[in-house]
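Number of protein chains: 2
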Amino acid sequence: MSLDFLKEYELIINENIKKNIDKIRVLDKSHSSIIDGMEYTLLAGGKRIRPSLCLLGAEIGGLNKENILNFAAGIEFIHTYSLVHDDLPGMDDDNLRRGKPTCHIKYGEGEAILIGDALLTHGVRLLMEEISTVKIASQFEAIKLMLDSIGLLGMIGGQAADLQQEKAGNKSLGILEYIHKHKTGSLLEGSLLAGAILANSDNQIKKDLISYSESFGLAYQITDDILDEESSVEELGKPIGSDVKNEKLTYLKIFGINKAKEMAVIEVDKCKKSIGNYGIYGNHLIDLADYLLERRK
Amino acid sequence: MSLDFLKEYELIINENIKKNIDKIRVLDKSHSSIIDGMEYTLLAGGKRIRPSLCLLGAEIGGLNKENILNFAAGIEFIHTYSLVHDDLPGMDDDNLRRGKPTCHIKYGEGEAILIGDALLTHGVRLLMEEISTVKIASQFEAIKLMLDSIGLLGMIGGQAADLQQEKAGNKSLGILEYIHKHKTGSLLEGSLLAGAILANSDNQIKKDLISYSESFGLAYQITDDILDEESSVEELGKPIGSDVKNEKLTYLKIFGINKAKEMAVIEVDKCKKSIGNYGIYGNHLIDLADYLLERRK
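Going line by line, the protein sequences match chains A and B. Reading the first sequence from the start, the letters are residues 94 to 390 in the numbering used here. Reading the second sequence from the start, the letters are residues 94 to 390 in the numbering used here.
Okay, chain A solo, but in the shape it has when bound (with noise of 0.2 Å):
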């Protein structure tokens, strides 16, 4: 397994993230702190996952990644807002995201809420900036594919059921599956997908994607729900076993960690038999699976 490809990924998406930043804050004639607040948290140290996927998704449908970059840049910036969202003090209340300190807690709640609100906003933005090669009809189609990932029927609805659940202590199987497949799941499945619609892909590569998202986010649920267990405070950045102080609904609580842990084998295997013969960037996609069984954060 060479994960050589997603730093470079990282690089390359670390570095649209702060152009774009950049660009804003020549017009920002406010000077608000709300633009410190989005590099911040943009730049806390996140593995670009979500990005990468898209990336990996238009190679897949053969479009060069160089092309999206502000797509995917996006997709990472939509993400960063539902983090800053969830960490708040109505939500899960967190402290420590990376090893930093979260967002309200460094700039203040009304700023936190209202930097969540200018990420998403812009991520969307960043979502419809022209991609010459792409005809504006795709770009439209994968652009509603990723607002329906991240919208009631998808991210925010799972975010509303971990809320619901953790006030009225519903602990099933079911509910847990309904959150992580909403929650984490939706908008990875979007992002690597709206990557395919992206490239004009055929409809077996798009089956093919999907089956893959499909078990690489609840492998990807699995093994986050192992690292708050295993992991240190160090190698996470947040304090470990939160999720069992939160009384969290999780994996290993309804399962123990050695079946948790056979459950996200299984599942990176799934991933690993959804990929047809896609070439260099079905491997990274392979391997992206791989490392998830690896990852220490």
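In case anyone wonders, no lab produced these hints; they're calculated from the structure.
Any copy will do: because identical chains look the same in the list, a pair fits if it lies in one copy or spans two.
In the BS3-like style, the derived pairs of lysine-lysine whose C-alpha atoms are separated by at most 27 Å in a straight line are: (1) Lys122 <-> Lys237; (2) Lys122 <-> Lys300; (3) Lys341 <-> Lys122; (4) Lys199 <-> Lys341; (5) Lys116 <-> Lys237; (6) Lys111 <-> Lys193; (7) Lys352 <-> Lys363; (8) Lys111 <-> Lys237; (9) Lys122 <-> Lys274; (10) Lys199 <-> Lys264; (11) Lys264 <-> Lys122; (12) Lys122 <-> Lys299; (13) Lys274 <-> Lys116; (14) Lys237 <-> Lys112; (15) Lys352 <-> Lys365; (16) Lys122 <-> Lys346; (17) Lys260 <-> Lys122; (18) Lys300 <-> Lys274; (19) Lys193 <-> Lys116.
All figures in this text were calculated on a predicted structure; none of them were measured in a lab.
Keeping the supplied structure of chain A fixed, place chain B upon it in accordance with the hints.
For chain B alone, coordinates are given in the frame of chain A:
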């Protein structure tokens, strides 16, 4: 002055909002309370000024308003998101709006954050609904304009400056103008102009509508400040004098009530002069400007 058209527009916009809420409700398998909160805040009784401006902009450009009802409703979803987040404890901390408990009072703070997020996300999604009579490139341009008008360089920038001003106690006229031009004016202008862009209007129309919007936005804010002082709780649906209580920077505070009233009249006059011979829909815009001076809520 006849405002019959505004009642008619309010009716068809409300019908479209209800239709769109019903559509999501059917698809939402988690039966989340988020959708109840969206409906509650959307139907709390707004005057639908922004979507009406959008419909008028389209009609002036020669596009039948019936074609863009989803787009106009999307604008109201977006406006409503801004109210929900603005009322949050971390922001203005308001308990009452339009005579009813604000969203976080009724549904809880975490839910209100998500309800706002869902309104914004679904609002943008509605802007993207297919309009068979409009070229996709024009729709794309109109959506980009909307996103710019609600982003960091528009509405969010105004809200950020407002929040900052309250903390820093900066009470200059320059700040007041910046806040209102962005927080209120930007979305009003974007709504009217987006309609004109959807209709593929020529540059003269767009120029006139921009002039109109600039004065309309200012008149809207000044009359809003006057209402906060002069209206009754019953009429306004929220506590009177809350601006004074919250030490808000207002036009009344800087100029006093008489001068503020004069300024409103001058801006409404400018609105009227900026509108060329645009027939019945131009007249509606003129009536709408006059209405600002007479409204009691």
